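With the sequences and hints as input, model every part of the structure.
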Amino acid sequence: MTGKQAEPGQGRTSLSVRAREEVRRRIVERRYPMGARLVEREVAEELNMSRVPVREALRALVTEGLLELLPHSGVRVRRLERDDVRQLYEVWEPLAVQASRLAARAVAAARPHEPAGLTALREVLARAERAAAADEGPREVAAHTAFHEEVVALGGNPLLARTVEQVSWQLQLLFGMREEPAHMRAQHADMFRYIAVGDEEAAAACTLLHVRDSRAVAMKSLFGDGRGDGRSEESLYTKSS
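The opening residue of the sequence shown carries number 1 in UniProt numbering; numbering runs sequentially from there.
Bear in mind the hints are in silico, worked out from the structure with no lab data behind them. Predicted model, so just to flag it, every value in this text is computed and none were measured. Hints may be right or wrong, so weigh each one.
Claimed, not checked - Label-pair restraints from in silico Cβ distances:
1. S50 / S73: 49 to 59 Å
2. V62 / R31: 11 to 21 Å
3. N48 / R139: 38 to 48 Å
4. S14 / R212: 38 to 48 Å
5. L69 / A116: 17 to 27 Å
Said to hold, decoys possible - Below, computed lysine to any residue pairings styled on SDA-like, alpha-carbon distance capped at 25 Å:
6. K220 / W169
7. K220 / D190
8. K220 / R185
9. K220 / A146
The beta-carbon is built from N, C-alpha and C at its ideal position, and this holds for glycine as well.
Quick look at the structure:
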């Protein structure tokens, strides 16, 4: 027998992964807007795929929290309500702070050498600045998300990385729905500076400030204020449905 034969279902799995990545990208870039109903047949036609891998992709994205099941059938792009945003930040805050602390610790432990992850962080910062200067919102959002992912990777804790991955796409969706103030880009630079010198507590404190500022900006941008206390208020996106 010559050549390696594909395992049963391997091709379908690959197509399902491709479909999930493409639908996810369209959601994050808002080509599929908040609250939009996604019809399996139509998505399959758009992606030039059969319906089976698309069906599997849509199910996976429901699990990721980017899609939600409709009462009777089908799915739609999830609307982020006030409580959703509040809960997301409640989870992300301690994870982001610990990630920065571990990244700084890894840098200190590697001295006098510079770990490769620090170079990756520096490059992502530069990419975000270029995207901001060119007013390329989706690229800037992707770079900011990548920055936090690289901080996690530098820390070298696989369990933390898997935990952060569970919320990363919801965060990227949220980042893409609001303006990114210049001072928050500067906070990334501050985080990098403290991580690069191996100062765990300063990196953690700077990250805490950054996450809380990000939460306040998200609440103001999406709901008109920074209250975030979970009290009943109609979502901005409910009005467009």
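We went through each hint and held it up to the structure:
1. S50 / S73: 49 to 59 Å: 19 Å, violated
2. V62 / R31: 11 to 21 Å: Distance hint for V62, R31 holds at roughly 19 Å.
3. N48 / R139: 38 to 48 Å: 25 Å Cβ-Cβ, so the 38 to 48 Å window is violated.
4. S14 / R212: 38 to 48 Å: At 41 Å between Cβs, range holds.
5. L69 / A116: 17 to 27 Å: 42 Å, violated
6. K220 / W169: The hint holds at about 21 Å.
7. K220 / D190: Answer holds: K220 to D190 is near 24 Å, not above 25 Å.
8. K220 / R185: 18 Å, holds
9. K220 / A146: Given pair K220, A146 holds - Cα atoms ~24 Å apart, limit 25 Å.
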